[in-house]
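The lines below spell out each chain.
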Amino acid sequence: MNIFDLTIHELHTALKGKQVSSLEATSAMLKRIESVEPQVGSFITVTPEQALAAARSADQRIARGNCAKLTGIPLALKDIFLTEGVRTTCGSRILNNFIPPYSATSWEKLHDHGAVLLGKLNQDEFAMGSSNESSAFGSTRNPWDTSRIPGGSSGGSAAAVAARQAIATLGTDTGGSVRQPASHCGCVGMKPTYGRVSRYGVIAYASSLDQVGPLTRDVADCALMLEAVAGYDPKDSTSVDTPVPDYSTALGGGVKGLRIGLPKEYFIDGLDPDVQKAMAAAIDTFRRLGAEFVDISLPHTDYAVATYYLIATAEASSNLARYDGVRFGHRAQAGNLLDMYTKSRSEGFGSEVKRRIMLGTYALSSGYYDAYYVKAQKVRTLIMNDFIRAFNDVDVMLTPVAPTPAFKIGEKINDPLQMYLSDIFTIPVNLAGTCAMSLPAGFSAEGLPIGLQLIGKPFGEEAILRAGYAFEQATEWHTRTAAL
Amino acid sequence: MKLTVAEVEKVARLARLELTAEDKELFAGQMGAILGYVEKLKELNTDGIVPTSHAVPMENAFRPDVVRPSIGLEKALANAPEKSGTFFVVPKVIE
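Those protein sequences? They're chains A and B, same order as listed. Just so we're aligned, residue 1 is where the first sequence starts under our numbering, counting upward by one. Just so we're aligned, residue 1001 is where the second sequence starts under our numbering, counting upward by one.
Note that these hints are calculated values from the structure, not bench results. Careful: at least some of the hints might be erroneous.
What the hints assert, rightly or not - Straight line, CA to CA, 30 Å or less: simulated DSS-like cross-link-like pairs of lysine-lysine:
#1 K1075(B) / K1092(B)
#2 K109(A) / K1075(B)
#3 K1083(B) / K235(A)
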């Protein structure tokens, strides 16, 4: 077995037992990145020198007998996380040369554990997209079929895990941006509850929806990453001050008697037959393991995409007002201040970002504010209430992650609305603010990964991790690797 | 539903964006299609529904008013496109 095929917990055991050093593991990852990167394109920036230096210091730490779960583990981050001294672009030309003066709390926490940073991963520009095609640095390709998209917006984060270029990664999820690429690339991806993980130093897209989440090879690794980054942060006033459970020890216990809801609105006619088959097989597996299924309804599901594209774009138009060429980022030459703002933004932003800023500006503009933005916030309340009501009867929910496996590069690029509709099963979770996880549940006839989504109650990450772990123990989907 | 080019221009001005003639046409059609799609929210009666602006019920997040070190001038100015001493330089604002 190659080092780059290991999970966090496997590599941790090898590091602790001194069978391998972090320097060896990090070198193996860097070599792997070099060899498959031309086919996949997961990275925007690779940081070999810093990585090797961090590996050496991790090895010293391990030699002193201080080997925490993530010490010496080579990881990579979506390029939306600020990393002090390492270029952070957010997939945009406007931040092409931006070197952050401080780091995101989530990266600081991983760094404090002794994790090694391999580099920064490709993504849709400002996390706006479902395919990675809106990146100013070119699209990442799906390791299972390089003519297809890896999903988005954390496409590089998912592809890097699937292509064995990093042991695990962090992404962000505003409408499905961790779960959908995890599903398309055959890895585990979690969107924790809103407020569970600090967003300090994470470049903002839609602040009432954004959340940080891990992408990993298996559920045990997901638990390890989550417990490392979760928790209250005084620098993020939206992070919630509730204790962080020991997620890794909560994995056992199985699903006997677990009540799993099947929302009927998620099992629609338009569902790809292979996805349908994978869901039916997963339901059988859970049933065999002792879970009970309950038919439920989330009646406002059909309104979620419309609600999301008003709220997310409105918040984006406001968040992205800071890119004006004054203090950082691209500045265009212009004779007066207004022209400087306008030209800097117009040269720096790509087409999808402009489209969303325009939509959001429209929705917030005088005369439309109540009809669009406030209306969407009210419908958001109805969507949240659907979840609260349904969770009175069930412990978790099971749904598909995406209606189809990964589509072809270029297939939806000219039809933004079709692109938006590919997030139909992930968006409601962000609107409700609760947690969900995508995990491998099968393959299409063409050999493309298919993920299933487990949705939990707010701060109910333990329940979905436990259910996911039980499913993983009973199946072998997560052990398959993309041939590269 | 289709937006007019004049409407697109007005929104672009508010958003401090300059669009090419091609983009204006394209956005008029695409934004129109998306706005047409979101019209479906009008099917729902939301009278008396409280809007949600935040997913987790939270009161104000207070912290003690204590002076703490900040990142400092050098780091704050490190990414400035143009600077002079301790200032960001911008084109002249007042003629």
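Review point. Checked against the structure, which of the hints given earlier come out wrong?
Key: none
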